[in-house]
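2 protein chains.
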Amino acid sequence: MQEPTLLLLTALADAPRHGYALIKEVEDISSGRIRLRTGTLYAALSRLQQEGWVHVVGEDVVDGRHRRYYALTGAGADVLAMEMERLRATLREADRRLRLRAGEVTA
Amino acid sequence: MQEPTLLLLTALADAPRHGYALIKEVEDISSGRIRLRTGTLYAALSRLQQEGWVHVVGEDVVDGRHRRYYALTGAGADVLAMEMERLRATLREADRRLRLRAGEVTA
DNA sequence: TCGACATATGCTGATCGTCGTCTTATCATG
DNA sequence: CATGATAAGACGACGATCAGCATATGTCGA
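Protein sequences, first through last, are from chains A and B. No gaps in the numbering here: position 65 of the first sequence is 64 in numbering that gives the first Met the number 0, and each next residue is one more. No gaps in the numbering here: position 49 of the second sequence is 48 in numbering that gives the first Met the number 0, and each next residue is one more.
Take these hints with a grain of salt, some might be off.
[Claimed, not checked] Where chain A lies over chain B, by a calculated footprint (3+ residues, C-beta under 8 Å):
(1) 22-35
(2) 40-46
(3) 72-81
(4) 84-93
Derived from the structure by calculation, the hints contain no laboratory data. We treat Cβ as the ideally placed atom computed from N, Cα and C, and that holds for glycine.
Generate coordinates for the entire structure from the input sequences, incorporating the hints supplied.
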């Protein structure tokens, strides 16, 4: 799983959100580093829906603009949690190795 | 940066290694989940060399098999450390949101 | 001794996710 | 009345990874 997809699931983890709000949320979570393009977003959302990790929980119209709300499913939350556990393990290992390296002559 | 590349840098973080050893090392770090294909490995290594994050530190012949050793450069170690910091931040945020979700009715 | 397996490097074509760009539309600001 | 923010979505290109192939040596069991 790539970072944009991961951030998207994270953005949906606490509450349902609509497309544009997700772009802003991901930008926020990543401290402005990741600005999802709409193409990336909607492609990812339809992929994640197919996987059963995300589903549409409602649509409404606010100020004449139609909004579709997406939410994480239970399965989606599980996948996110597992993904986090994998990252945690990699992180631990990388830290350990970088500390080992600290004692050496760097190239 | 994708997971295979990240694991590759991690595998090189503490000591120089040759191609085949890197495949084994990455498999080990990822608890057997990620088995780098040789195509992925050597493509990634040449990309990382171009970036200046990895360099060749020597070649030798052991039991008739020639080995080429790759090592992380100082710049490569910096990039890995930065990447880890980013992941740490995402991890914290995802954890927080998943905990918030725990109090809700899951879909 | 012959096939299977591990070690070792490297290439090629296909797949898949993301990026960049485009379209359509409404509302607020200047 | 043009511009920019908000809002949804599609499409082609690109790049990293995957799957599989080629090539070669050493070891081990049948």
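Broken hints, by number: The structure breaks only hint 2.
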